[in-house]
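Same order as they appear, the protein sequences are chains A and B.
Here the first sequence stands for residues 1 to 373, where the numbers follow the numbering used here.
Here the second sequence stands for residues 1001 to 1373, where the numbers follow the numbering used here.
No lab work stands behind these hints: they were computed from the structure.
Among the clues, some could well be false.
Stated by the list, open to error - Partial chain B-side listing against chain A, Cβ under 10 Å, derived:
| # | residue |
| --- | --- |
| 1 | V1046 |
| 2 | M1112 |
| 3 | Y1299 |
| 4 | H1317 |
| 5 | H1319 |
Said to hold, decoys possible - Examples of chain B residues toward chain A, derived with CB under 7 Å:
| # | residue |
| --- | --- |
| 6 | S1053 |
| 7 | L1054 |
| 8 | S1056 |
| 9 | R1058 |
| 10 | L1094 |
| 11 | L1097 |
| 12 | N1111 |
| 13 | Q1207 |
| 14 | H1208 |
| 15 | T1211 |
| 16 | P1213 |
| 17 | W1216 |
| 18 | G1226 |
| 19 | G1254 |
| 20 | H1280 |
Virtual Cβ for every residue (Gly too), placed ideally from N, Cα, C.
There are 2 protein chains.
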Amino acid sequence: MSTIGDVAKAAGVSVATVSRALRGVDRVSPRTRDRVLAAASELHYVASPAATSLVSGRTRGIGVITPYFNRWFFATVISGIEKTLRDEGHHVLLCDLEGPTFDTRMPITQNMLWKRADGAIILNVPPEPSERALLDRLDMPVVTVGNRQSGWPSVRVDDRAAMALATGYALELGHRAIGYAGTVPASVTHLQTPFDRREAFGEVLAQHGITCPPAWTLECDWTAQGAFDHADRLFARPDHPTCVVAASDEMAFGVIAAARRHGLDVPGDVSVIGIDDHVHAQILDVTTVRQDVEAQGRYAGELMLRALKGEEVSAAHDHVLEVELVVRGSTAPPRTRTSGGSSVTRLPEHLTTTSASSVATAPSVGSAGALDR
Amino acid sequence: MSTIGDVAKAAGVSVATVSRALRGVDRVSPRTRDRVLAAASELHYVASPAATSLVSGRTRGIGVITPYFNRWFFATVISGIEKTLRDEGHHVLLCDLEGPTFDTRMPITQNMLWKRADGAIILNVPPEPSERALLDRLDMPVVTVGNRQSGWPSVRVDDRAAMALATGYALELGHRAIGYAGTVPASVTHLQTPFDRREAFGEVLAQHGITCPPAWTLECDWTAQGAFDHADRLFARPDHPTCVVAASDEMAFGVIAAARRHGLDVPGDVSVIGIDDHVHAQILDVTTVRQDVEAQGRYAGELMLRALKGEEVSAAHDHVLEVELVVRGSTAPPRTRTSGGSSVTRLPEHLTTTSASSVATAPSVGSAGALDR
DNA sequence: CTGTTAGCGCCTTCAA
DNA sequence: TTGAAGGCGCTAACAG
């Protein structure tokens, strides 16, 4: 492949002129510029990024640091980032932090960013102190998506508000026996969203004098399969909630599948609500709290581009996208009366002591709706 | 950030010695080596990839060219690639070809590969002639995933065999009125899989003297939502198949959802079978043909690594992974008799003229099982 | 074993 | 408007 020298020779000018003509900066006479352009395209010339980067100090690459990219949310954010950056001639360097298990992650390392990226976009993972120090030392623009990190601009939804919306809707429907899917093992300290959502869930319930017992709280890996496995055990119990709030749609899918596998009707016997508006949530008819995931990626890309152009993108910048409740067929009010009257689920103890007596006395039926699969 | 010169100064040696010590090549006295290592880590030194690349000609980056990043199959392949490359210190350069619509794609451009990548892995998209010429001109190792391209080694499953397995199973169950989801608009010429699968489907049917009428052939964008929309129209017809073979699990999800939305029981009234073993196929209880998607990515990554090491990875190399039928709850034999006898679907004309009379006389019921949602 | 030096391909002064 | 030359950070001969 040809170098700038080849083009210079072919066009009969110096390399400096080629450089100037090709980048369109400085003044170059139209005639020589055309000659250069012709020679360059003739030779399929493209400037070596390595050489350009060596002298300019910029790489036109943006490191995108993600805990997983094999999952819908992250792949969608990254897709939004990539399209935005591509339009400006930048590209994405994938930095997948995924470790051997859900509980572990790889550290952000210097050699995946140093002189290789002009900036970094961090998805949903609060950096550890050493990583924080590294990023500061690297002195490149950083944008976070999904979490607010002090010192950096961010793009996100309000996880607590989203969960409050979901939980609020469950209460509004009249549910008082509410389970939760989406806590994570204590070892997972690198993800903020699971904590925020769980906390908001607990708070909203508490405001109504309700608590969700541990047996109804499903700890899982935030996959549909993981949620299914845990929900499977939940629905095998003699008592189960009339509604399960899942911290993500994918987990909601798993919970719904488990309920049906146990002969429960959704939403007749159990309502399920998720968060995200996953690409499959509509056809699976899952009530959810919608967030525009790709837009978060696009917006993060734009912020990065602006920072790269030298524009001041303040750390105070905190773009919080709206979320919206989308009611679909996976939720309904709890049954106020059992159809047969025989198989009334025993009310869990914690519910009998709350103030929400008006509805808490209407537990679900454990075995109706067995036809629905 | 520090350069090799800073380290040399700090260790009291020349830059050449630093370079040698750090890379562990050539002979360096243990004592000076330790001094260099200490100085380097003290200064957080990491060699500039640009400078290294400029002189060595290698970037340690591999371009991964994909028609979509945002879909399960591709994200999973890429995940496998990335993990494999990362272990050897290489990284992935994302080249997402996705254009504004399903029908269009961006071309593979020279400036996303030239001097930026040491090799390219192409996912499921046969390059156009000009792209082919570019890749040849770039003279870098290329591995294809999902399709066989002459001149390059490949990793894939046999799409035709996979579809034959799915279709064969439908026939084995006794279905003769079989629909298909997964043809693509004529403008989509850059994806091979849709064609291979459709062709194999038609051939297997033909071997049994059956054809699938156009009205039962759903052309869509290979998303669950797209399949849902088309299947929605299919199930609104007075006649509909007793089984739908979908060219991907995601489309199968959409078909199943549409069937249920029309009050049809799956598999009672309609069987649905997919291909892929998508991460949600198990909980959604979808019969499918399993392929190990991440393994294809891993294997492609290994091939690339071997080629990069100078090993001869012949273009004749064609690694075809096994596929496997996974029978789940979305399929069953067709009903041989209507329960009520009232709402018999009119037999589509093409079926009355085939030789498959023994089963073709047992069409599905259009309105039973309305309880299943 | 270690230091010196010449590029890798490009951009950027500084002169002309 | 154009050319010559220095240098970005590093590696690879070649000396010593």
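Outcome of the hint check:
no. : hint  : in the structure
1   : V1046 : 5 Å, holds
2   : M1112 : 7 Å, holds
3   : Y1299 : 17 Å, violated
4   : H1317 : 26 Å, violated
5   : H1319 : 21 Å, violated
6   : S1053 : 4 Å, holds
7   : L1054 : 4 Å, holds
8   : S1056 : 9 Å, violated
9   : R1058 : 10 Å, violated
10  : L1094 : 5 Å, holds
11  : L1097 : 11 Å, violated
12  : N1111 : 5 Å, holds
13  : Q1207 : 33 Å, violated
14  : H1208 : 30 Å, violated
15  : T1211 : 29 Å, violated
16  : P1213 : 25 Å, violated
17  : W1216 : 20 Å, violated
18  : G1226 : 10 Å, violated
19  : G1254 : 5 Å, holds
20  : H1280 : 6 Å, holds
Of the numbered hints given earlier, the model fails hints 3, 4, 5, 8, 9, 11, 13, 14, 15, 16, 17, 18; all others are met.
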